[in-house]
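J.: Line order of the protein sequences matches chains A and B.
Straight run, no breaks: the first sequence in our numbering ends on number 294.
Straight run, no breaks: the second sequence in our numbering ends on number 497.
There's no promise every hint is true.
Simulated crosslink set (DMTMM-like; lysine to aspartate or glutamate; CA at most 20 Å straight-line) [said to hold, decoys possible]:
1. A:Lys238 <-> B:Glu435
2. A:Lys164 <-> A:Glu110
3. A:Lys32 <-> A:Glu191
4. A:Lys200 <-> A:Asp40
5. A:Lys231 <-> B:Glu391
6. B:Lys244 <-> B:Glu435
7. A:Lys74 <-> B:Glu198
8. A:Lys205 <-> B:Glu425
9. A:Lys231 <-> B:Glu394
10. A:Lys205 <-> A:Glu191
11. B:Lys244 <-> B:Glu425
12. A:Lys238 <-> B:Glu198
13. A:Lys231 <-> B:Glu435
14. A:Lys189 <-> A:Asp220
15. A:Lys74 <-> A:Asp184
16. B:Lys462 <-> B:Glu391
17. B:Lys241 <-> B:Glu435
18. A:Lys231 <-> A:Asp73
19. B:Lys241 <-> B:Glu395
20. A:Lys231 <-> A:Glu199
21. A:Lys290 <-> A:Asp272
Simulated DEER-style distance windows between Cβ atoms [to be verified]:
22. A:Glu110 <-> B:Leu248: 23 to 29 Å
23. A:His279 <-> B:Trp443: 42 to 48 Å
24. B:Pro353 <-> A:Glu260: 32 to 38 Å
25. B:Lys462 <-> A:Arg246: 42 to 48 Å
26. B:Phe409 <-> A:Val52: 49 to 55 Å
27. B:Leu451 <-> A:Ser271: 26 to 32 Å
Think of the hints as simulated: they come from the structure by calculation, not from any bench.
Glycine residues also receive a C-beta, built at the ideal position from the N, C-alpha and C atoms.
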Amino acid sequence: MTTESKQTSPAHALREYGSQTPGTKGIPGKRRYSMVIDLRKCIGCMSCVVACKAEYGVPLGVWRTWVMVADKGRYPNSRRIFMPRLCNHCDYPICVRNCPTQATFKHEEGFVLQRYNRCIGCRTCVVACPYNARHFLPAKRTNNNLPVLVVDKCTFCIHRVKKGLVPACVQACVGGARIFGDVNDPKSEVAKLVAREKLTVLKPELGTSPSVYYIGGDWEIMDEPHNYKHRTAQQKEEFNTYKRNHHGDAFGDIVEGENTMYHVGKNMSDFLASIPHKFFDVVAALKKLLFA
Amino acid sequence: METIITYNAVHHAAWGTPITVYFWLVGASAGSFVLSAFGWVFGIKRYKPLALTASILAIVMLMIVPVLLIWDLGKPFRFIYLMLPGYWHGTAPMSWGTLLILSYPISMFVYTYFVIKNDQKWAKIVGIIAIVLALSTHWYTGVVMELNPGRYLNHTPLAPLLFLTGAFISGIGLMILVLWIQNQFTRPEKRIKWELMEEMAQYMMYGIVFDFFLLFLDFMQTQYGTASEYLAHGTVLMEIFFTPYIWLEVVIGLLIPLILLVTPLKHTRIGVYGAAFLVAVGVYGMRIWWVMGGQYIQSFY
């Protein structure tokens, strides 16, 4: 993982077609909200994850933010390291470019947001996002007023930021590892950290220009191939169990070590079984609309 | 110091089996349509008798596509948003696909109408438009995943070529099987001649050779590529997706049909029909590893 350049120059804003709003990093007079995560201060308490879940009622099995955990070295010379993950609110978001209905868009101040009423649930943005920052909401929710079967993601808590608050995960961070602010404002803590510290971002080679910076990032935990190759046996089994028991609304899960063709067939049967449910849900919604 | 990942969130592969079946159907439809156009567009008269069957086969396969695509959406009845001017997004590959999937069947219907009316002039004009749309529709299925730089297995300019070649051979394979069934129910003078079947099988053989070449290029790219590309091939394709990649695509879909079509068996019915069946089935293997394999590694990140 290479060290990210300071990324405050407008020249760094690459390929803005399809982004709907030009990149605003380093543009005088424009706000550009960013987050710096100081991994030296993260203790892996997961407060940020819980705060985010509570703020939005994020369903089980999906995350707007989560914390990766890794063990570095061998006993007795080992230590545990953590890396919080969330949407990178890229200056050049691939998800925005590839969304066919403009359901996801980039706010001028840097937030990459989702409009549920426009989302058709095609999951193109989920496929496009290199950071796994998007998830598909399940068909059933405990609160019937919340959206279902559309894509959701981290919003950098725009509703809080607009009221002068910091995002819920930043508020809840006990170690003060998450720092949020306007990177274009030289007086902000974020701008000072970006100017002063050695920072890394996830997958800089993709040219997405992320707005989540890490201090003290370990290249191995940030590297996708390394992640895949160096999972514990328990992690592998956890993934397999999750995918094996998943009868959800995405039909692409394959379980490692089991018959691929069986899972291809099972995915198809799950898909066919979902059609009547979706159909009757739509009929019920139409009835409600017309006759309520 | 070695780093072992002890916890990470779980993610799903967003696109799955319905998309693989859609890719296969669109490909076979485009391949069949190319055969239909041989007689009416390219002027190869001996292909005219099979044009109508090929067009109808292409249309029937394309009729299944909306069922798969629309019901795979989280909000199926919002599919109309893909066509509304206020929603349409020009930089999204899926937006291009929507236009193509809409216009391709329309052009096929019009072309088939002129074929039935035996109107050579208009069948040729509409046929040219339809064949461009047929190839574009299948080109789109290749690029819709290619244009995601984060999907290392899919992010290759070979994608549309792999898809189009697969479409060509699976379309011919399926067409040979359909013509064989059709021959069972038609009068002897109306039957498609065996020599034509053999000729189509030879075109299929050239397609198989080209497909092998493309797979070899893809293999070289992954072996000499980045760590992610190497991992995508070495671990995902050769381990998790070994059955669809090696058994279904390479062995059943390409290798055995190639052997059948380069040996004296190519003049036998078992050779031609057997190869046609195996190719039509085997190409589906490529659709599986392409869609689900491409998303596999990242679901652990």
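J.: Sort out which numbered hints this structure fails and list those numbers smallest first.
T.: Failing hints, ascending: 5, 6, 9, 10, 11, 14, 15, 17, 20, 21, 22 and 23.
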